[in-house]
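Chain by chain, the residues run as shown.
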Amino acid sequence: MRRPRPAVVVLALSLTALGTAGVVTGATLVAAGSAPGVDGSVGARPLGLATAAAAPSTRTPSTTPANVVGAPFRELPQTPPGPVVPPVRVSIPSLGVRSDVVPTGVDRDGTTQIPEDVDVLGWYRYGPAPRDSGSTVIVGHRDGRGQGRGALYALGALSVGDPIRVTLADGSRVDYRVVAREVLDKQAVPLEDIFARSGGRVLSLISCGGVYDRARGGYQANVLVTAVPV
Amino acid sequence: MTSASRTRRAALLVALAVPSALVLAAGPAQAADAATVSVLHAIPTGSGADVVDVYAGDALLIDNFTPGTLKTLEVPAGTYDLGVYADGETPAADTPVLEAKGVAVPAGANATVTANLTAAGAPALNVFINDTSKTAAGQARVTVRHIAAAPAVDVRVNGNVAFSDLTNPNEVKTDLAAASYQADVVLAGTDTVAIGPATLDLAEGTNTIVYAWGSAEAGNLALATQVISGLHSTPAAVDAGDGSSQSGLPGWVLGVAVLAAVGAAGAGARLATTRA
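Protein sequences, first through last, are from chains V and B.
Just add 3 to wherever you are in the first sequence, counting from 1, and you've got the working numbering.
Just add 2 to wherever you are in the second sequence, counting from 1, and you've got the working numbering.
So that you can see chain B by itself, here it is in the shape it has in the complex:
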């Protein structure tokens, strides 16, 4: 490693204000001691973190991690010290580019850790909890996360503003009919397109998480996508007939008869007989 790059890395070292017990919300019932953690490298190329290794404590989590890539891992529940190191460097010998200490990952959690730029352009780690609650039959969930060195934005879906004034490092989400949508990102309150348009295929029973990342100043804003599937529900029922084949009568006639018979005794029953 050259002294120049070492200086660069030192400049990137960020002391994160991570609470000593940052607890990720546990999801619904899951395996006794497993959790799902995804890691997104969203620091643009040329920012001093082009190829990094991610460690949890002394254990290598991700090797040769490059900008724009996402890895999803199953990890045992526990408390982790996450460190992002320049390629080939190790916790034992080197100083991390970025770190987050004491990240508690309880069983059942589903979270995404992003290495990204702040609105002002400084490298940072963020932890997002992924919504893995069930979606209604026929529905999909979309989550949008702003992790770019960029000001507040609006997200437009099929031409209309769906989410407004989203800022780094925040997210918005909603459930909507599973379908294909056209989406773009504009500077908040304007029609100035920052990213897109892009086609979003929102599959039924998924949470499609869209990350706006990169740097406006460097002109490399982009979208990254993470899809969590298997959130689907079953339809409420299968109602497959109108009764019109029963007793040779149209369904509504039979229905009236049944309704009358159920609803009234004596005279009511006679009425039903008359109608039938």
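Isolated chain V, as found in the complex:
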């Protein structure tokens, strides 16, 4: 069972006083990370993306009595968010993909906004950028009426070890290699991991896959490729 997200939030604020990360966290995320794949899944996403760095769920008991006199008050640093350098281009040589990336957000129905142009990819701008901790999420339509196949149509054909290069707005580049490719039933997509704003730096490329069933909301699966900086 996954811990409620608010715990992560609060713990992130109070990181340094909290001692070591507990083993329980890892175990929880093993379960989450191994959500049943429909098919075509290879490799392994790094476990504990959402919480590895920020959220010990267990810790050594405080030796300080919860009392007032002499209690160890600790000022929390006021850390204004650093400059975010957005991704502007993704290149996946093994698929012949070289696509522009635009910032995207959330649609009215609460789902991830995806560029209408299937040749253009979307970067979830509320989450991390490639130089930040956590998961940089880049999405693209698998297909679009009148447009044919999208840039990420063949995402499911990527192999572990394949290189991905992301170019940022300042012209710099971040090189990744694929560590996992998963086809996940939409009910089993680990959104908390994919959209993690803390933890190790990863790139999460997402499109659709599986069976297209309009009556059940369209594609029944997401193809998720996870890559780590080289």
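Accuracy of the hints is not assured; some may be wrong.
Covered by chain B, according to a simulated footprint, are these stretches of chain V (three or more residues, beta-carbon under 8 Å) [claimed, not checked]: (1) 76-89; (2) 92-106; (3) 110-119; (4) 133-144; (5) 151-160; (6) 184-197.
Heads up, incomplete: computed chain B residues facing chain V, CB under 8 Å, no partners named [to be verified]: (7) Ala-138; (8) Ala-242; (9) Gly-243.
Hint data in this document are derived by calculation from the structure and do not stem from the laboratory.
Positions of the beta carbon are idealized from the N, C-alpha and C atoms, including for glycine.
Given chain V's structure and the hints, the job is docking chain B onto it.
Relative to chain V, chain B alone:
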């Protein structure tokens, strides 16, 4: 310390009507025994509290605290006697400028204590509970707190009254799309601007708390801002395709076929075959 300033300080001493067990609402799951407490110095310069030290019991919480500054601390859960002392003075030897006794801070609480002026201009301590519940993906929360020596106000956002008739020491809040907004504070029911306009950058997944503080009479009304981040949620899903590449058919045709096949047996299946 001069006798003049001592007199001044004595005049500021306020016996707060704090219930013996003022309990802050606990937030969502948090560390076993930690709480987050912020302290805002919102007594304007020249009111006799220009540089103060804040104590919890006998322990120094904040040293050399000056007007307009905010400190955020992690504290063990517990019950605290908060005291605001003139710079360099101590609980052991001196009388506080302001105090609040028996403030219970349970594990998981997130609160802000403000040292501010009442509407009438007297120094006071107030405790506000910060809303750290999750925000929907793409949304931000804004909280406005009136802690100024000033009458009721309206808060206008992008030119329209968003909150009306806000009085000291109360707050209003709402969730809205994360974006940059223009905000100002006007005397309630008027277009007389008391503070602003100011640009409010409401970041996604944050609670941006705006304090209106200072004194209208002294002409030093101002805004102070506290941002609590990490309240974000994930989007509901990633729906990335319309099926138009499947079977070489436009998505809607395939959709009709699937719908028909699912919705009916026998004749229905034949219909689907015909359409496909």
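Do three or more residues of the stretch 110-119 of chain V come closer than 8 Å to chain B, measuring C-beta to C-beta? holds (count 5)
Taking beta carbons only, do three or more residues of the stretch 76-89 of chain V come closer than 8 Å to chain B? holds (count 6)
Next item in the hint list is Gly-243(B). Is there a CB on chain V closer than 8 Å to its CB? holds, 3 Å
Given a cut of 8 Å on the nearest C-beta pair, is the interface hint for Ala-138(B) held or broken against chain V? At 7 Å from the nearest chain V Cβ, Ala-138(B) passes the 8 Å test, so the hint holds.
Mind checking, does the stretch 133-144 of chain V have 3 or more residues with a CB under 8 Å from chain B? With 3 residues in contact (Cβ-Cβ under 8 Å with chain B), the coverage given for the stretch 133-144 of chain V holds.
Do three or more residues of the stretch 151-160 of chain V come closer than 8 Å to chain B, measuring C-beta to C-beta? The restraint on the stretch 151-160 of chain V holds, since 5 of its residues have a Cβ under 8 Å from chain B and three suffice.
With a Cβ-Cβ cutoff of 8 Å, does the stretch 92-106 of chain V contain at least three residues near chain B? violated (count 0)
At least three residues with a C-beta closer than 8 Å to a C-beta of chain B: is that true for the stretch 184-197 of chain V? holds (count 5)
Please verify that hint: Ala-242(B), Cβ, nearest Cβ of chain V, below 8 Å or not. Interface hint status for Ala-242(B): holds (4 Å vs cutoff 8 Å).
Consistency with the previously given hints fails for number 2 only.
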